[in-house]
Amino acid sequence: MRIGYYPGCSLQGSGREYSESLFAVAEKCGIELEEITDWNCCGASAAHSLNHDLSVALPARTLALAEKQGLEQILVPCAACFGRLATAQQELVSSEPMRSKISNYLEMPVQGSARILTVFEFLQEHIFPVADQFIVNKLNHKTACYYGCLLSRPKDLTRLERPEDPMEMDAVMEKAGATPIDWAFKTECCGAGLSVSRTDIVAKLSAKIVEDAVSRGAESIVVACPMCQMNLDLRRKEINKQMDQGSDIPVLFVTQALGLSMGISAEKLGLNRHFVSTGKVVSCVGRKEV
Amino acid sequence: MARIGVFICHCGENISATVDVEKVARLASKLSGVAFSVDYKYMCSDPGQTLIVDAIRKHKLTGIVVGACSPRMHEGTFRKAAEKAGINPYFCEMANIREHCSWVHPKSDETTQKALDIVRTMVEKVKNDTALFPIKVPVTKTALVIGGGIAGIQAALDIANAGHQVILVEKTPSIGGHMSQLSETFPTLDCSQCILTPRMVEVAQHPNITLHTFAEVENVTGFIGNFDVNIRLKAKSVDFSKCTGCGSCWQKCPSKKIPDEFNAGMSFRTAIYTPFPQAVPNKPVIDRANCTWFTKDGKCGVCAKICPMGAIDYTIQDEIINVKVGAIVTATGFDIKHSDFFPEYGYGKHPDIIDGLQFERLASASGPTGGEIRRPSDGKVPETVVFLACAGSRDKAKGIEYCSKICCMYTAKHAMLYKHKNHHGKAYVFYMDIRSAGKSYDEFVRRAIEEDDVNYIRGRVSKIYEKNGKLMVVGVDTLLNAKPVTIEADLVVLATAVVANEDAESVAQKLHISYDKHKFFAEAHPKLKPVETNTAGITLAGACQSAKDIPETVAQASAAAAKTIILFSGSELTREPVVATVNRSAAPVYTTCTGCFLCQEVCPYQAIEREEIRDRAGNLLMNAARVNAGLCQGCGTCVAMCRNKSIDLQGFSNQQMLSEVMGLLNEPFE
Amino acid sequence: MENKHTQNQELSLKQQVKKTVGVDVQTCYQCGKCTAGCPLNEEMDLMPNQILRMLQAEYPGYENEILTSTSIWLCLACDTCYSRCPQEVKLPQIMDFLRQESIRRNLVNPKSKNILRFHRAFLAEVERNGKLNELGLTIDYKLHSLNLFQDLQNAPSMLFKGKLGLIPHRVQNPSEIKKLFKKING
Amino acid sequence: MAETFEPKIVAFVCNWCTYAGADLAGTSRTKYATNVRIIRFPCTGRIDFMLLIKAFQNGADGIIVSGCHPNDCHYTSGNFHARRRWMVFKSLLDFMGFPTDRITFSWVSAAEGKKWADLVNETTESVRALGPFTDYKNLDFTQFNQIDHEGIAEQSR
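In order, the protein sequences belong to chains A, B, C and D.
Each residue of the first sequence is one higher than the one before, counting from 1 in this note's numbering.
Each residue of the second sequence is one higher than the one before, counting from 1001 in this note's numbering.
Each residue of the third sequence is one higher than the one before, counting from 2001 in this note's numbering.
Each residue of the fourth sequence is one higher than the one before, counting from 3001 in this note's numbering.
Calculated directly from the structure, the hints in this document are not laboratory data.
Certain hints may be false.
[Unchecked claim] Stretch-level coverage of chain D by chain B, calculated; a stretch enters the list once three of its residues show a Cβ under 8 angstroms from a Cβ in chain B:
| hint | region |
| --- | --- |
| 1 | 3027–3034 |
| 2 | 3054–3068 |
| 3 | 3099–3107 |
[Unchecked claim] Where chain C lies over chain A, by a calculated footprint (3+ residues, C-beta under 8 angstroms):
| hint | region |
| --- | --- |
| 4 | 6–13 |
| 5 | 21–28 |
| 6 | 33–44 |
| 7 | 127–138 |
| 8 | 174–184 |
| 9 | 269–275 |
Ideal Cβ positions, reconstructed from N, Cα and C, are used throughout, including at glycine.
I would like the entire structure built from these sequences, with the hints used as guidance.
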């Protein structure tokens, strides 16, 4: 079964360790990902803020290319990209006029037929069945699974069972031998698109998240969105200013954590690319008790 | 040879203003079979009716057509007149030349012509009328009341006090229903059990009431006045004839960790149990799903050893009893949503986010905390309590668009009770609107705000989460420029939506009554038949029909009782003879019915029965359909369905309808 | 708008929302749950439910007040409001529309200009290469927003950690994307 | 100019909804075309569609069949059976080339006097546009009684 892959721009830049770790894990489990040839940017929040048609057309181009490539399912690890692609797909499928309008813009047909996988669906359906034989270390520590907005909402797109208290990432971390904590900010917003233009806001929102995770004894925060990761990691200086006492809790991608439990090297998983040292988590590999 | 009389009414000016009534009368007299025709100013007046009676007698009329108003208006009046004159009342037909003609058309020849057409049509119909006689159905003067809550109790007592037999069936081991769980009741704050328990005892002791607790209606057949009901008496495992209710069995029962339904899951009960101290009957039953004797076959048996009367009997089986009743009162009550219904409030994972019924138990003297309001998690007395109105109600996204009606009042009551017991505590109520229409209801809410200093915040709560032992209630005050407010609470009470019981649908299907999309039972008419169902003889009482408070429930229960008592007022009831009949004739034909029973499939009332036609020797000759006149409501769907016209509808027979069509058109319109 | 009287003049903002976004703001019954849950409610000058109420009320001057608010630019489209709204009002989509309308009517609040600049810089970058290059974006944005020193402490380390690529990623044929933009922007 | 053709419309209605609706139109004095003649059934479920054919055979130009709205049937399901049977019957008529556009199927409740008036007016206009229904009149029923011996002989050869 071919699995298409849409990295999106962040995974080639600020979030590259996400794709590095994802590929490392996939490779370990002998699963191939087929990148969509000549994919383009999804338009992110800029497009849907400024121009609705553009916010559909940009993802539509990628979807059209995927169809040309004959891909029936596409993995979109980046939460933001997933949101845009899934939303665009929904519009294409539900409105014939929109569909013809867009394929008109693109000068190529587009159906929006391919199934778009979240990183959780990918892990559950393709990695979980084979994972156990590759998991060599218990990633023995308390972790806070942080889902953010775009992997939880809207629920008809993200298909989470408990959109207000998701468990999908927790399941992955349990596989990795960690102990996910029950906390209150799983699906709160980190400030996302305002990262550059209103860093002050991002700092405030992210601070609440880090604070709650730390106050409940989490030793790491695990994410599945490059924007969440960047805000919680790159913005830590600003975040710490917002907190009574700062925190150096590392922020990992779920695939990095899983990779560690599979004995993949920290370098290969891009754990050196973080601003807040990930050493703590690396060190609790195979640790006895939590 | 038919001799029809035609009587055209002016209705003052109402008809004559636009229709040339004289002309209609004149031309009508020329119609074949018409022996007499006349017009008059007010046919429905006494002189008008006398005119008709005399004409029938004088001209030996076999049938009459009254050209006047809608049959829905005066058909009865003129049928009586015909009867008075000595002809069968069903030989009287109304030609509706007012509502359908004179009032909707201008004065013109067309209008007059139309009036004539209508009259002619009915003349053709009356020629094919047959003598019909009201159907008499015997009545079994025993009522079945389903549900032993306050609705069922009230209905049962009213009917019983009118001197009729009542069979009261209750699903749980005791009557009392939700009302017995309540602490105090709005707007008077009198203790719920204090006013309820006397009624419960009265039911138990009433000579006319047979009480079956721990029992459920299995199935219902028959029809108004003559229902045939099977009731399942679930195995109590206790011989009530021996049991004295001493209670030593449940005191000794080792399985003590079963969530207590009566205390809304906030305490535990034993496997052999009486739901609560004032239960009626006050004798225990064994909950076999949780009793080790049944789960770990034959283990334990302590209760049997301990019982001084030897009343415990593990071998008792479910028993089905059959009863015949004339009327049924449905009072199966309601349920509420629980806190696990709310994702944004934590899917019920916080023990200190509770629902209204749980708070009632906390506030009740007979409750798990003896009436002290303590939070479930650690038994601490909460310093701050937040109440959320409209939890789930008026929430399209959650599939409950309707208002649950009682929450505004009981939330005010809850806040009040809390403040009365904890003067220094803080009580907040998040609300959208305050719906307190009812006798001294709004005054009650004002009291909560003004005298008990409850802080009402207009806005909905978006999220509740736990932090350092506090519940963070994230809301908004829309009366302060939509100010976001987060309240740190120790206890949160959700006024969760009132919903239908989960078995409501199956109950409705057993009774053949209809229900709305929220599974509340449907009344026959929203205004004029609020307690009847569209199945004759079955009435509704209480919250099974829609969310209701106690006064409303009691009122409706008494109304249902009144309807039942009216039904029982005569030894038999009379019904319009507009029913279907399957033709019958002498041997060797017997009937043209071929026994395909398509009619049976389409009949909404199960009125079509299967009759075996046998010869004298008793050999089966054929199966044919037979209509149960008691059940048939006269819709005639079976008639349209019948392949060879073997079934027909009295009053709207094939011959009558055909003659109408012909009469309408066989002469020129204009 | 079938109504003769309004046929000729422009649609009210409420009517536009109904027509282009397909959301009827009349369904909002002002429970305020959207505001309560909004992560940015502390930053906003108009609360989400107030914007809906103002759309409903259509008092004179409200349209400008809405379109010059900073709230419409702060909205992160995190969907918290919609996911909890009892009346299922698609507020994020309304916000998207209001932003675009605010630009069209040239009513963007000066305080929000930076957010708009960032969005524009973002799309400019996409228009150039079909893909986003954070370095290009940051430079472009800083030139427009003129706060040159923000993030300066981060940039080098980002480069060092290989998070900012110096060689921009491109689609095979960037002109294709430029064409797409041209077509859509008309 | 030639006088306008006045179509004959026969309405088959149920007693509880549409008949009452027509009564309401009366009590509220809502004016409508005089072309309609009402035949009252207890329920649309009672209507034998062969009667429609009879009506056409006897000179009707158009027909209205109207009862309670879905789920409002006084007899809970009669109108559904009517609708279901109408579907089948209509496809048969269409197959036979019978002009089913002369038959209007509608729901009018006891509260919809105005809707009844509109229904009558609209139907009257649409049928007037269709012109008189002559197909039946043109049939020579006498022919049915004569047996075509030659034809049969032909066949048997």
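How does the region 269–275 of chain A fare against chain C when you require at least three residues with a CB closer than 8 angstroms, holds or violated?
holds (count 4)
With a cut-off of 8 angstroms between beta carbons, are at least three residues of the region 174–184 of chain A near chain C?
It is violated: at least three residues are needed, and the region 174–184 of chain A offers just 0 whose Cβ sits closer than 8 angstroms to chain C.
Under 8 angstroms between beta-carbons, do enough residues of the region 21–28 of chain A, three at least, approach chain C for the coverage claim to hold?
This one is violated; 0 residues, fewer than the three required, reach chain C with a Cβ under 8 angstroms.
So is the region 3027–3034 of chain D in contact with chain B by the C-beta rule, three or more residues under 8 angstroms, or is the coverage claim wrong?
holds (count 6)
Confirm or reject the coverage of the region 6–13 of chain A by chain C under the rule of 3 or more residues with a beta carbon closer than 8 angstroms to the chain's beta carbons.
holds (count 4)
Taking beta carbons only, do three or more residues of the region 3099–3107 of chain D come closer than 8 angstroms to chain B?
violated (count 0)
The region 3054–3068 of chain D covered by chain B? Criterion: 3 or more residues, Cβ-Cβ distance below 8 angstroms.
holds (count 5)
For the region 127–138 of chain A, do at least 3 residues have a Cβ located nearer than 8 angstroms to some Cβ of chain C?
Contact hint for the region 127–138 of chain A vs chain C: violated, 0 residues under 8 angstroms.
Tell me whether the statement that chain C covers the region 33–44 of chain A is true, taking a Cβ distance below 8 angstroms and needing three residues at minimum.
holds (count 6)
Checked against the numbered hints listed earlier, the structure breaks hints 3, 5, 7 and 8; every other hint is satisfied.
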